[in-house]
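Q: Below, each chain spelled out in residue letters.
There are 2 protein chains.
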Amino acid sequence: MDYLDLIKQLHIQNDSKIILLVLDGLGGLPATPKGRTALEAAHSPNLDALTARGICAMSTPVAPGVTPGSGPGHAALFGYDPIKHLIGRGVLEALGIGFDLQPNDVAARGNFCTLDENGLITDRRAGRIPTAIGEKMVEKLRTITLPGVEIFVEPVKEYRFVVVMRGEGLADGLTETDPQMVGKAPLPIKALRPQAEYTAKLFNRWMSKARQALAGEHPANGCNLRGLAQDPGLPKMDEIYGWKAGAIATYPMYRGIAKLVGMDVLPTGDSISSEVETLKKHWHEYDFFFFHVKKTDSYGEDGNFDGRVHIIEETDALLPEILSLKPDVILVTGDHSTPAKLKSHSWHELPVLLWADHIRADDVTTFGERACMHGGLGHRYHVELLPLAMGYAGRLAKFGA
Amino acid sequence: MDYLDLIKQLHIQNDSKIILLVLDGLGGLPATPKGRTALEAAHSPNLDALTARGICAMSTPVAPGVTPGSGPGHAALFGYDPIKHLIGRGVLEALGIGFDLQPNDVAARGNFCTLDENGLITDRRAGRIPTAIGEKMVEKLRTITLPGVEIFVEPVKEYRFVVVMRGEGLADGLTETDPQMVGKAPLPIKALRPQAEYTAKLFNRWMSKARQALAGEHPANGCNLRGLAQDPGLPKMDEIYGWKAGAIATYPMYRGIAKLVGMDVLPTGDSISSEVETLKKHWHEYDFFFFHVKKTDSYGEDGNFDGRVHIIEETDALLPEILSLKPDVILVTGDHSTPAKLKSHSWHELPVLLWADHIRADDVTTFGERACMHGGLGHRYHVELLPLAMGYAGRLAKFGA
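Those protein sequences? They're chains R and H, same order as listed.
Just so we're aligned, residue 1 is where the first sequence starts under the numbering used here, counting upward by one.
Just so we're aligned, residue 1 is where the second sequence starts under the numbering used here, counting upward by one.
Isolated chain R (complex conformation):
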């Protein structure tokens, strides 16, 4: 029996409300060795006041040294072992564009590429064609039909697109076509398990038709498919936690991941303040809220330290409105670190702030990476956070007599 099974067995229901406030990519690094991180530099009196009344931790999303993608980072935050419950790239890509993925759909991330006269790849990204050209190429691919399945092709950005097959008998467990180097032809897709044979055949036929459809084009006269995958069938939150969960997120990918674990995705606007309005509007309908702030991550990816500071300050300014709803438990953290210094996700631990009624307040009085190293909860893993919140919410029965 693993940890989630235990939680599933012990969960009880009550009237408590729990908020998981995720500032995406929250963990940062100081720009200079003696400098401050964005979170440390931000003027965040409300987060600091909550910290003074709460208990803190540093938390590892997946494993020490491992940099998580958005999928594993969120799966871990939601309590699912991110190594055991991997969300395929094709699925994340489809969710990322807001595609309404169905449980048995097989989704693949597509990359346009350039092929020479022998069908060998000369450019794996087709010269990074602009989005407008990518969209035109997608139109060509949309002409492809195959008996027994419905096929969706959707543009993403530049040379990237998504292909989804829908129909009876589809299964994942498939290899990719991308040989990961130039000078080779796209590889045939192979089934990694018997029940995926039929799906492999379909995708190989699609690849061959795609080559015909793109034959006259340049530079995008070919394509590769990666991360062919189905909805991983994660156990749903109501089953594990026994709660009704609502997701408030402005970006499609996070709305999609929330949907995969059975949350209701609540309509909201583009700003954090509109997300707060959504929270207020639906406050009485849900037990648990996943509240996602995206741009701490986006600015991190852009190397925009000040942008991160600004988003943290914007969130801080809205915190009193959130707290005025009187949640029983609030957790503030991120899915992973995205230091502006690195312009990418990173492996670093990130700070966690927990407030609830029956906590032992620790000595930490400001919410920041270095302050939280001394947090009273010590060093944790993301998968422990929601079960911990469950305990504080009185939502776990005593284990054993």
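It cannot be assumed that every hint is accurate.
As the list claims (entries may be wrong) - Restricting the straight-line Cα-Cα distance to at most 27 Å, the calculated cross-link-like pairs of lysine-lysine (DSSO-like) are:
hint, chain 1, residue 1, chain 2, residue 2
1, H, 281, R, 8
2, H, 294, R, 17
3, H, 184, R, 398
4, H, 343, R, 398
5, H, 341, R, 17
6, R, 398, H, 294
7, R, 8, H, 34
8, H, 84, R, 236
9, R, 236, R, 326
10, H, 84, R, 84
11, H, 190, R, 398
12, R, 326, H, 343
If you're looking for bench data, these hints aren't it; they were derived computationally from the structure.
Following the hints, position chain H against chain R.
A: Chain H alone, transformed into the frame defined by chain R:
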């Protein structure tokens, strides 16, 4: 290979003496947000002096957020994965009244209930009949006999009792009769594995005879059986740790759990000072002593903060006598938290104090929840504590070349 298998493989014997001093339910909460816990409020100069020379930790009994019962709390303290090695409720109940449970006995917790004329439950606790009435009803149940098994029925308290069956071919893996709601009849017991079919049949026959035996009574004219279980067959301490272990505990349940893991249960009186006398008397006979102080938990359950303070101070005053025996390693902690504020067990971590010869003393100088958050051993799990003590006692051989 799991952790205990490793310990089993590496253990060596020497003359060292180890004391595990368990203040049951030690972890607490401040009564007010800025206040102190019972342990923080207690005047405990001897524990503090030992803390100054020792190293501290905060420890999670089972898993973050999970509130342990006494069974899992102690199993974990004794080094047994409490999720893997669950001690059934019937077994704990039998041990709790000092019943001399044999390895193949099947024990069940019984609750008297009230049934209407259709056999449907109208009160799951039979109006919480006083203990004297419960005892009279137990006399009725003692008249029940079944071929091939010896049956014991023992009163516990109020509406609670214990039934134990002893004989050839018994097995656990059985459902309970309690439908957990009124308006339903007690459920038939089902076998969850083939070898328990015979036992299920016996208990169902017993239930039917019990109904006849209680038919004329009121309000206890029926009963339910819960937590039907056998001794879980935990590997014994001498096998795992290679030591001779003595248990000093005033309450039957803890004596019983100690017996399940192969400790000798030493005769002792009701007070902590009589437990210290027992420790002294048997000091040369054992390698490891489990020394259990019960009332920190009892007062916690009662919401009696001052009672907890008093028991901690009483234990503290006796600590010099314990230390005068010159143990090589002493661990002071609890099985779980029982904050007076909550009047129940809780999920919170609890403080651990380890003293031994070769420790690196940390900066903690007072034994308390918040002080131990900064302990040099960090945040631990209960199952790690005895192996750690083994290391300090020189009782674990080098692993690998």
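Q: Taken at face value, is the distance from the CA of residue 236 (chain R) to the CA of residue 84 (chain H) at most 27 Å?
A: holds (24 Å)
Q: Holds or violated: residue 343 (chain H) with residue 398 (chain R), Cα cutoff 27 Å?
A: holds (13 Å)
Q: Going straight from one Cα to the other, do residue 398 (chain R) and residue 294 (chain H) come out at no more than 27 Å?
A: Holds, at roughly 19 Å.
Q: Regarding the pair residue 190 (chain H) and residue 398 (chain R), is the alpha-carbon distance no greater than 27 Å?
A: holds (24 Å)
Q: With the threshold set at 27 Å, check whether the alpha-carbon distance from residue 184 (chain H) to residue 398 (chain R) stays at or below it.
A: holds (25 Å)
Q: Given the hint that residue 294 (chain H) pairs with residue 17 (chain R), test it: the Cα-Cα distance must not exceed 27 Å.
A: violated (35 Å)
Q: Can the restraint linking residue 341 (chain H) and residue 17 (chain R) be considered satisfied, given a maximum Cα separation of 27 Å?
A: Holds, at roughly 21 Å.
Q: Could you grab the alpha-carbon distance between residue 236 (chain R) and residue 326 (chain R) and see if it respects the 27 Å cut-off?
A: Holds, because 26 Å separates the two Cα atoms, which is no more than 27 Å.
Q: For the pair supplied as a hint, residue 326 (chain R) and residue 343 (chain H), is the alpha-carbon distance within the 27 Å limit?
A: Holds. Residue 326 (chain R) to residue 343 (chain H) sits at ~24 Å (cutoff 27 Å).
Q: Taking 27 Å as the top limit, are the C-alpha atoms of residue 84 (chain H) and residue 84 (chain R) close enough?
A: Since the Cα atoms of residue 84 (chain H) and residue 84 (chain R) sit roughly 20 Å apart, the hinted pair holds (cutoff 27 Å).
Q: Holds or violated: are the alpha carbons of residue 8 (chain R) and residue 34 (chain H) at most 27 Å from each other?
A: The hint is violated at about 34 Å.
Q: Verify the proposed pairing of residue 281 (chain H) with residue 8 (chain R), using a straight-line Cα cut of 27 Å.
A: violated (47 Å)
Taken one by one, the earlier hints fail for this structure at numbers 1, 2 and 7, listed in ascending order.
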